[in-house]
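Enquirer: In the order they appear, the protein sequences are chains A and B. Reminder that position 164 of the first sequence reads as 164 in the numbering used here, one-by-one numbering, no gaps. Reminder that position 329 of the second sequence reads as 329 in the numbering used here, one-by-one numbering, no gaps.
Keep in mind that a hint or two might mislead.
Since copy identity is lost for identical chains, a pair holds within one copy or between any two.
[Stated by the list, open to error] Here are the simulated lysine-lysine pairs, DSSO-like style, with alpha carbons at most 30 Å apart: (1) K203 with K418; (2) K314 with K62; (3) K82 with K146; (4) K368 with K459.
Since the hints were made in silico from the structure, they are not lab data.
2 protein chains.
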Amino acid sequence: MPKAEQQGITVKKAADTAEWYSQLVIKSELADYSAVRGCLVIRPYGYAIWQAIMDYLNARLKLLNVQNAYFPLLIPEHFFQKEAKHAEGFRLEVAWVESKDDKAKYAIRPTSETVIYDAYARWVRSWRDLPLRLNQWVNILRWEVKDVKPFIRSREFLWQEGHCIYEDEAGCDADALIYLNEYRKLCEELLAVPVLLGMKTEKEKFAGALRTYTMEAFMPDGKALQMGTSHNLGQGFAKAFGIKYVGKDEKEHVPWQNSWGVSTRLIGGMAMLHGDDKGLVLPPKIAPIQLVIIPIIFEESKQLVLKAAQSLAKELAEFRIHADLRDEYSAGWKFNAWELKGVPLRVEIGPKDIAQQQVVLVRRDTGKREQVKRGELKKRVQAALEEIQQEMLMQARKRLQANIAKAAAWQEFLKIIKGNKIALAPFCGREECEGRIKDETGGVSSRAIPFEQPKKIGKCVKCGSDGKFMVWFSNNY
Amino acid sequence: MPKAEQQGITVKKAADTAEWYSQLVIKSELADYSAVRGCLVIRPYGYAIWQAIMDYLNARLKLLNVQNAYFPLLIPEHFFQKEAKHAEGFRLEVAWVESKDDKAKYAIRPTSETVIYDAYARWVRSWRDLPLRLNQWVNILRWEVKDVKPFIRSREFLWQEGHCIYEDEAGCDADALIYLNEYRKLCEELLAVPVLLGMKTEKEKFAGALRTYTMEAFMPDGKALQMGTSHNLGQGFAKAFGIKYVGKDEKEHVPWQNSWGVSTRLIGGMAMLHGDDKGLVLPPKIAPIQLVIIPIIFEESKQLVLKAAQSLAKELAEFRIHADLRDEYSAGWKFNAWELKGVPLRVEIGPKDIAQQQVVLVRRDTGKREQVKRGELKKRVQAALEEIQQEMLMQARKRLQANIAKAAAWQEFLKIIKGNKIALAPFCGREECEGRIKDETGGVSSRAIPFEQPKKIGKCVKCGSDGKFMVWFSNNY
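With the sequences and hints as input, model every part of the structure.
Expert: And the structure:
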């Protein structure tokens with residue numbers, strides 16, 4: 001028997017976002033816990049979303065002359081010691097494997113800068129070899145994860161990591177920003193997730209980077225979620241790994257590098273942002289199923305209705321469609337099940353609809369119902385999917401904007417944070433000062449330095465010295 | 001300056017196949033060695049081939065209702081002990097990671113039966129959940145690899161592994177054979193690699209399987225290469241992991257399972273089979289570049305010819321095309337470079353060709369040159385690519401057939417093997433007898449029991465007892 005009583009999410013999103021989110025991901029079958037502590041199974045429904053993200057980004061990266069490759073899972077221990085800050089940054093997160101034959105120690109990759117740049121040192125000889133733009137789609141392991149949250153934070157996750165190398169700083173930095181902008185488009189156009197772009201402060205930048213550019217989303221519980229980063233690595237790794245090239249001037253130079261990545265965390269951010277008390281709400285462009293047909297069955301008209309549902313499925317085959325013709329579940333049970341899975345549109349068809357040559361179309365995001373004539377259905381579905389996609393982004397963007405408030409003074413800053421919002425505040429930029437903000441708030445950190453800055457900054461919200469730039473601060477995952 | 005002198009392969013394929021193959025893979029830039037012993041870098045040219053294999057197989061698997069998912073890299077130690085034969089089979093190959101927090105030991109997956117079936121035990125409840133057909137594309141690590149050969153044998157490799165579960169034996173076994181047949185089509189239609197299909201003997205079957213079906217290719221040095229397997233796992237894993245379902249009869253049953261996989265080894269087999277002394281020879285359907293345009297440049301007509309080459313590239317943009325307009329290399333140097341990379345067709349265009357409104361088309365597989373009128377070029381390229389694809393398979397199939405010989409007696413068997421061929425011989429099927437064959441020949445093993453068997457088998461080629469079936473024997477990788 002169907003376990004109807006277990007089907008729905010048993011807590012409200014607003015009441016207990018953490019528990020709601022866990023139930024959301026597990027019950028909608030995006031993912032499942034595994035027997036390995038801190039590691040998840042990505043189930044087919046979740047993996048289909050990841051596949052769509054990969055397909056989208058691969059097509060974009062091809063246009064940007066980035067090629068895919070694959071580098072080893074294992075990284076020799078001594079590679080980590082070459083770039084001191086990088087090594088320190090990942091010291092606690094690395095899982096080690098000891099070789100049986102030569103007693104060498106290998107890290108399971110927590111990121112692949114070192115193993116890739118060792119290869120680049122062999123491959124790059126001349127300015128003709130540059131820029132070299134590679135990307136890989138791989139699994140990553142980071143051990144020190146205490147508080148597992150499916151997709152948001154787990155020991156193992158899937159990601160892409162791009163690693164490019166250039167003759168000079170200008171080309172390197174320009175591309176780093178281009179990749180960040182691709183991530184923004186992915187979030188906004190595909191996932192309907194509005195994001196904030198900016199630069200990380202010294203304290204928050206990537207271990208070994210010159211500058212880290214970041215893309216941040218803002219979750220309904222008042223916490224920011226870092227959704228993607230692009231690092232201008234400068235020349236530090238190149239020097240550490242001995243990467244050099246002979247320039248057009250026939251002299252030897254040290255190249256510039258960037259690296260950039262997004263992960264399966266994108267799925268979690270999207271699910272948490274859009275989901276409601278009934279379950280997932282998926283934007284049509286990313287939804288594995290865009291449209292579910294549910295026949296309204298009465299015993300006397302059953303065959304007629306099932307047949308009509310099947311012919312509807314054929315008629316709408318250009319969309320990602322599923323007809324739920326199962327006998328053993330009621331229409332109401334099916335409504336709940338597909339709402340839990342976040343399918344953007346539901347088509348209901350019963351004997352009355354057949355008689356009137358219409359169907360009922362129900363939107364998942366708003367719950368709005370409308371009757372649509374059979375002859376206009378295909379066009380209406382197409383338009384409705386586009387409307388949903390656009391409106392989901394627009395609504396989310398409004399909420400994001402409403403959640404940002406300017407703070408000129410410390411008390412104001414604390415009030416904004418307490419109200420689960422993002423504080424945009426003048427900041428001196430010093431690591432020590434940022435440390436104090438974190439300590440005194442129990443965890444608030446800078447999210448990013450917005451690219452657009454006012455002419456006059458004002459005094460640092462914490463220490464009162466001259467502010468260097470305005471910064472977004474908030475709690476975060 | 002281009003390192004022209006290092007460019008080509010320095011040994012003949014027939015003289016030293018092993019050294020030739022290593023140079024082939026490295027110099028064509030399919031792959032590179034890494035700083036991690038036994039692990040390779042798959043370079044963009046090799047990864048593009050893997051991507052095409054993934055795309056092909058994903059499209060086929062979708063039609064067969066197989067969905068993609070992702071299961072953890074790490075497998076708890078105690079999972080391996082649940083299925084005794086499976087544990088013993090992988091005992092020496094597993095790399096272990098020790099957890100920092102709970103002292104648990106985890107294997108890096110050498111294959112994922114155990115971690116997947118642990119999840120199936122939670123997911124499968126009723127006959128309604130079956131068949132459950134999942135697949136994952138992942139990296140695999142098997143430690144005990146001494147003799148590394150890029151793509152053919154390395155510690156880490158990429159593969160897909162399908163894991164399906166059924167109500168009964170018939171459905172399970174039928175699907176196992178369907179997947180094997182998909183692998184055959186992939187090899188023949190995409191890679192132009194003819195294969196032999198059959199069942200493994202008791203000695204050679206997968207650790208924990210009831211029956212292993214296999215697909216074998218035959219390399220030019222007289223060794224077989226296992227290119228894919230599909231296992232009917234019976235009910236052993238289901239019993240070990242406690243997977244049960246309630247049938248339509250409302251009673252509890254133990255389901256049947258199969259698992260099946262192909263790996264990046266496919267790339268190696270294809271490269272070794274088709275390559276020649278000049279380098280790779282890629283079948284058009286899998287070639288990352290199908291067509292390279294090389295302008296024949298003389299100083300006085302340089303601009304004219306470069307322009308014509310560019311407009312050719314536009315005209316032929318529906319193919320995977322590259323125009324090599326580099327200034328610093330001669331046409332002859334480029335011919336060699338693109339032959340090394342196995343591009344199926346070369347288009348040469350020089351001032352004389354422009355005057356005569358024609359180009360020269362050169363086939364990589366046969367070296368055949370032909371002049372083609374500009375107006376007919378697109379049609380001719382299309383036709384030539386199809387011809388090459390078909391003829392490469394046909395030629396390879398002829399060579400395979402010519403390399404199989406029947407052996408009724410032991411001396412005849414030895415002579416066939418010594419001649420670097422496959423012996424098709426009557427065999428008693430006993431593990432002990434197969435062990436003796438291996439010992440006395442220094443490594444010959446059974447490759448497969450062909451699906452089609454004669455009515456009368458004759459006496460076992462080794463022990464003289466009644467033969468159970470005809471078996472293909474050979475050396476192998």
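Enquirer: All hints, please: hold or fail.
Expert: Status of each hint after checking the structure:
{"no.": "1", "hint": "K203 with K418", "in the structure": "within (23 Å within a copy, 68 Å between copies)"}
{"no.": "2", "hint": "K314 with K62", "in the structure": "between (34 Å within a copy, 18 Å between copies)"}
{"no.": "3", "hint": "K82 with K146", "in the structure": "both (28 Å within a copy, 29 Å between copies)"}
{"no.": "4", "hint": "K368 with K459", "in the structure": "neither (49 Å within a copy, 77 Å between copies)"}
Consistency note: the structure conflicts with earlier hint 4 alone.
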